Amino acid sequence: MGQTTAEKIFAAHLRDEPFPGAKVLNLDRVFCHEITTPVAIADLEWRGKDRVFDASKIKAVIDHVTPAKDSKTALQAKMLRDWAHRHNIKDFFDVGRNGVCHAIFPEKGYVRPGFTVIMGDSHTCTHGAFGAFAAGVGTTDLEVGILKGVCAFREPTTIRVNLTGTLQQGVVAKDVILFVIGQLGVNGATDRVIEFHGPVVEAMSMDARMTLCNMAIEAGGTCGICQPDMTTVDYLWPFVQEEFASKEAALAEYSRWCADADANYEKVLNFDVSVLEPQVTYGFKPDCVKAVKEMVGTRVDQVYIGTCTNGRIEDLRQAAEVLKGRRIADSVRGIVSPATPKIFQEALNEGIIQIFMDAGFCVTNPTCGACLGMSNGVLAEGEVCASTSNRNFNGRMGKGGMVHLMSPASAAAAAITGVITDARTL
Amino acid sequence: MKKTFGGPAIFLDRSDINTDEIIPAKYLTEVTKEALKPYCLEDLKLEGFDPKGEELKQARVVVTRANFGCGSSREHAPWVFEVNNIHTIIAESYARIFRQNMFNCGMLAIELSPADIQKLFDLEEAAAGKIEIEVHLDRQEVVANTGAGAETFRFEISPFDKALVQAGGWVDYADARY
Numbered sequence: 001m002g003q004t005t006a007e008k009i010f011a012a013h014l015r016d017e018p019f020p021g022a023k024v025l026n027l028d029r030v031f032c033h034e035i036t037t038p039v040a041i042a043d044l045e046w047r048g049k050d051r052v053f054d055a056s057k058i059k060a061v062i063d064h065v066t067p068a069k070d071s072k073t074a075l076q077a078k079m080l081r082d083w084a085h086r087h088n089i090k091d092f093f094d095v096g097r098n099g100v101c102h103a104i105f106p107e108k109g110y111v112r113p114g115f116t117v118i119m120g121d122s123h124t125c126t127h128g129a130f131g132a133f134a135a136g137v138g139t140t141d142l143e144v145g146i147l148k149g150v151c152a153f154r155e156p157t158t159i160r161v162n163l164t165g166t167l168q169q170g171v172v173a174k175d176v177i178l179f180v181i182g183q184l185g186v187n188g189a190t191d192r193v194i195e196f197h198g199p200v201v202e203a204m205s206m207d208a209r210m211t212l213c214n215m216a217i218e219a220g221g222t223c224g225i226c227q228p229d230m231t232t233v234d235y236l237w238p239f240v241q242e243e244f245a246s247k248e249a250a251l252a253e254y255s256r257w258c259a260d261a262d263a264n265y266e267k268v269l270n271f272d273v274s275v276l277e278p279q280v281t282y283g284f285k286p287d288c289v290k291a292v293k294e295m296v297g298t299r300v301d302q303v304y305i306g307t308c309t310n311g312r313i314e315d316l317r318q319a320a321e322v323l324k325g326r327r328i329a330d331s332v333r334g335i336v337s338p339a340t341p342k343i344f345q346e347a348l349n350e351g352i353i354q355i356f357m358d359a360g361f362c363v364t365n366p367t368c369g370a371c372l373g374m375s376n377g378v379l380a381e382g383e384v385c386a387s388t389s390n391r392n393f394n395g396r397m398g399k400g401g402m403v404h405l406m407s408p409a410s411a412a413a414a415a416i417t418g419v420i421t422d423a424r425t426l
Numbered sequence: 001m002k003k004t005f006g007g008p009a010i011f012l013d014r015s016d017i018n019t020d021e022i023i024p025a026k027y028l029t030e031v032t033k034e035a036l037k038p039y040c041l042e043d044l045k046l047e048g049f050d051p052k053g054e055e056l057k058q059a060r061v062v063v064t065r066a067n068f069g070c071g072s073s074r075e076h077a078p079w080v081f082e083v084n085n086i087h088t089i090i091a092e093s094y095a096r097i098f099r100q101n102m103f104n105c106g107m108l109a110i111e112l113s114p115a116d117i118q119k120l121f122d123l124e125e126a127a128a129g130k131i132e133i134e135v136h137l138d139r140q141e142v143v144a145n146t147g148a149g150a151e152t153f154r155f156e157i158s159p160f161d162k163a164l165v166q167a168g169g170w171v172d173y174a175d176a177r178y
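Sequence order for the protein chains is A and B.
For the first sequence, the numbering used here assigns the number 1 to the initial residue and increments by one for each residue that follows.
For the second sequence, the numbering used here assigns the number 1 to the initial residue and increments by one for each residue that follows.
Fair warning: there could be bad hints in the mix.
[As the list claims (entries may be wrong)] Capping the alpha-carbon separation at 27 Å, the derived lysine-lysine pairs in DSS-like fashion look like this: (1) A:Lys8 / A:Lys267; (2) A:Lys49 / B:Lys33; (3) A:Lys399 / B:Lys45.
Since the hints were derived computationally from the structure, they do not count as laboratory data.
Note that the coordinates shown come from a computational prediction; the quantities given were computed from them, not determined experimentally.
Modelling step: build the complete structure from the supplied sequences, incorporating the hints.
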């Protein structure tokens, strides 16, 4: 019988099966940031095992609170920095070169089809966009990953999501994934991988596929996975051209990770997204999703554009297209955080930063920023934020604050009018 | 280090309690588990629940509904329970990362059927909140003791998760084996 992408990756990486169904996998990548790694480092030191399994497979970045805002976050950054230097982890990104982990690591070409990736961050599922198995884990799994290069998983079953039709103008990957989460529910994919198929995914850029896979966790999914194709190869080509005689050869190699036609799925969901409208969340769970047109007129105090979901160059272009030649409402604070220095530079070169500034946005350095209310852009009690991030939990951006998740274009439209707005009506 | 399980239980009557409610992100700047202690469930808004109250302070077990611990991968969520001596959670289901983090720390994330969870909530109501849970990992049973008597519930746990709990967590287990 055929295999899903996740089943192929599990089979190729199986190190041990101590009990039936408990799969210990060899890891190709262990990604680290300054919030969840320091406790692992401290525990390894305390155990007298301050070692790393393979410094070339470990990548580290300071992204959640950067530059440090106080002594505590300075200590977290220092612990990660000292550890990276101590173990000769060359791919470590500090202030000035750092960006949001799930944007900068793919941008550097670290993720390849068929890879196993863990990180102490729930949105690690983003990297499944490359046809990899990438899962968010806690600090203990991270610690064992750093020390031994392995991680244990229950072999996940796979839900296949077929996205057919053609997206309307102004409807993007963020709208699609919000819709899918609304259909699945916040635990509809727990212990499952979501495999995305169909012409809508095939037509998506890598940026869009990362947006799609980024939010698999919001349905409880272990990983979202797209099938590697020529779009994947084109993205990775600068990093892999030494390895292959041609792009076709790379595609042939990567295609072996594609799911077999007779693979077994727990369920198959078919969505024709031709009629899909821009989507937005209400309430405090990411599966509380409506069409933007049903929420039009809802007041917002802050607009946040950025994050591992929507801080990439295409996202900024989509927002800038709406903002161009316009000013944001006096009642709104607009904040944009390009996700990496490279994206920031591209946005500068393309005049996008100028558009944001002319519109009245505050442009911050690359960081996770306002998304989780632990550095800048925190909401006051009773305030509302239109955000391109991935979580609308109660208090997520600050105690007593409310977050509405939406696409970059929808967020830009809300900034202009001060209320939730369908960008297509501006 | 091996943990002890069971004791007075606190009941949280809602599904989808997320990691931001268990430990808000602003406390993730701490680099020791102990520092998290005062902030357990700080952002959980639930009728009759006080995160600073005596009931939580006395609790050694949490009983709740479905999809507990959804959201972030932060192990700070299990840790904030650990440093408050809550080593046992009993729920209908968990988010994957939270569940794994519990076992990885050598703690118990016990799953019972929705009917059994409802029975526990009913027992708690009848006993006006005075309920103690015994955990027998060897025979995979939890016993709910109220003034009116005791009721036993059998639970399933994978042999791997059980081995992690018995080893005191994943680091010790993996270090001995890989």
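Of the numbered hints stated previously, which ones are contradicted by the structure, given in increasing order? Every hint satisfied by this model.
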